Amino acid sequence: MNLPRYVLRRLLLGIVQVVAAMVAIFFLTDALPGDAAVTTAGDNPDPAVIALLREQLRLDEPAWQRLGSWMSGVLHGDLGESLVGPSPVTEVIGAAIGPTLLLAALTVALLVPVSVLLGMLAANREGSRTDRLITSSTLGLYSAPEFSTAILLVALFAVQLGWFPPTAVGSESLLSNPALLVLPVFVLLLRPVCSLSRLVRAGMVDALRSDYVRHARRLGLRPTRVQVAHALPNAIAPAVQQLARTLDWLLGGVIVVEYVFAVPGLGTTLVEAVSARDLPVVQGLALVFATTTVLINLAADVAARAFAPASEVGR
Amino acid sequence: MSRYAIPGALVGVPVLLALLGPFVASEDTTKDVAFLVGQGHWLGTDFVGRDVWNEVLLGGRSLVLIAVLATAATYLVAVPLGLVTGMTRNRWLDELLMRPLDVVLAIPSMLLLLLLASIAPNIAWILVAIVALINVPDVIRLSRAAALSVSSRPAVEAMRLQGENRLRIGCGYVARAMLRTLAADLGTRFTGAVYLVASASFLGVGVPPGTSDWAAMVDRNRAGLFLQPWAVVVPAVLIIMLSIGVNLAFDQWLRNDERARGRAAETPAPTSGRPRTEVVS
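So the sequence lines, in the order shown, correspond to chains B and R.
Per the numbering used here, the very first residue in the first sequence carries number 1; after that it's consecutive.
Per the numbering used here, the very first residue in the second sequence carries number 1001; after that it's consecutive.
If we strip away everything but chain B, and leave its shape as in the complex, we get (with noise of 0.2 Å):
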């Protein structure tokens, strides 16, 4: 199969992909306990301002209308009301769209070279204590909570020593106070990196004692030389699809890392929906988070593929 039909393919499944998780997502949230007409309506529900709340919610409706409204209006670009405040749900995201987007953005940014130049190090110095602590502590701050490590992070830096505010609460931006940013990005940056710096080291041992890289040397080419524009290309190759996988995870881990520093972004409006019932939110928000993770996915597939076309197997 060529790349362009690849392509295609790739792109028809993630359609499917998306409409089938909006389906899924719609009836998820449906089978919320506790109506939103019932928490709309307040602390002492009136049954009579509740059958009225519902009746505007539309919430008699039969469920496959609903959601067939619901789809036919993302066609639109119009993802419905909030039932909490007053706007649309196309607005509510779109404001909290920019500190998530700004979390992720920097994050990315850093984690590609802070990774590289870990997985390297350790790699060139394979057996030595440096990559014995490398690679141990990768292992192990791999698998640590983001809530954990970010509270430990808060308690000493932002507590003791007064480097760091502790959260975003009280900031009119997150730009305003780069200072901000500091603790959130290295939180988010911690899993990741490990992760990754895991891969290209493990890639770059292999190409270190490759034949070519041997043949490379022995040609007396400059070590640096060597190591950049022989070995890494091809030990990163199998990072890239990791790459595609950490973003994907990198959004939906973002919730806990904004719920702990206060950031407004999608990820507490997703807590805050989630509990305050606020069902349109949640759905759009969902929508959101599921078609990034396709496309995320769908790039990571194609780029592997343009990368290494030896891993066409059964054509």
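Since the hints were derived computationally from the structure, they do not count as laboratory data.
Just so it is clear, the structure is predicted and the values come from calculations on it, not from any experiment.
Take every hint as true, because none was put in to throw you off.
Okay, the calculated bits of chain B under chain R, using three or more residues with CB under 8 Å as the criterion:
| id | stretch |
| --- | --- |
| 1 | 16 to 25 |
| 2 | 132 to 140 |
| 3 | 149 to 157 |
| 4 | 262 to 275 |
Just a few of them, taken from the derived set where beta-carbon distance is under 8 Å, the chain B residues facing chain R:
| id | residue |
| --- | --- |
| 5 | 144 |
| 6 | 253 |
| 7 | 290 |
Using N, Cα and C, we set each Cβ at its ideal position, and we do this for glycine too.
Start from chain B and add chain R according to the hints.
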């Protein structure tokens, strides 16, 4: 044996506290002033004035048990399904079982966890089911790929030609040959379960108000971090020790196993998120 000293200590402390703590904890739960330091309480008091050390003793059991049960449930559901899809010659059955998994994989696990957990009542065993459900697609893919490669071996082909019962081939040969792949996956899977359960409890999922839970302690006592850090720091450190220790211990075990088998002692890098073991069709 000394290879296990560090991972053993890291796992041992939280696991012992979690399993034995509830037996040692005092029955006396009278409340004191919130966020005290010292004053008759070794680690001070928490946000409603309960003794922090007592809460630490009580709060580990749910995390450890839920993670263990969820991992067990994952394999119980996923391995038979993977075995069937990997061994079947019926393409339709394979597609029917595998395609729906692509949908689940399109939803990020934390989002799925939040959605599922908010539908379900706040009971611990629901969390077991949710964490298992999130892990099942991965393990099905993994065991399908393993079963696929094992069932194309000449030995299996020969058994088929001899007219051996398919159930016997499946359980007696293929499943046993898959054990190594599954054992290598066990460590990542269990740490993943600890990660999900702890993060969920931190976000307030699956922990009814008033129960003691390390992750929930971290969240609920955050407001008093400036007054009384111990109520947050102690449970957070215990959770980190548990996750790091389990990962290191399983890694050491795999290394020793490989060494015993006389292979190169290279363990594969852990894969983050959802490892995909897709066979190109």
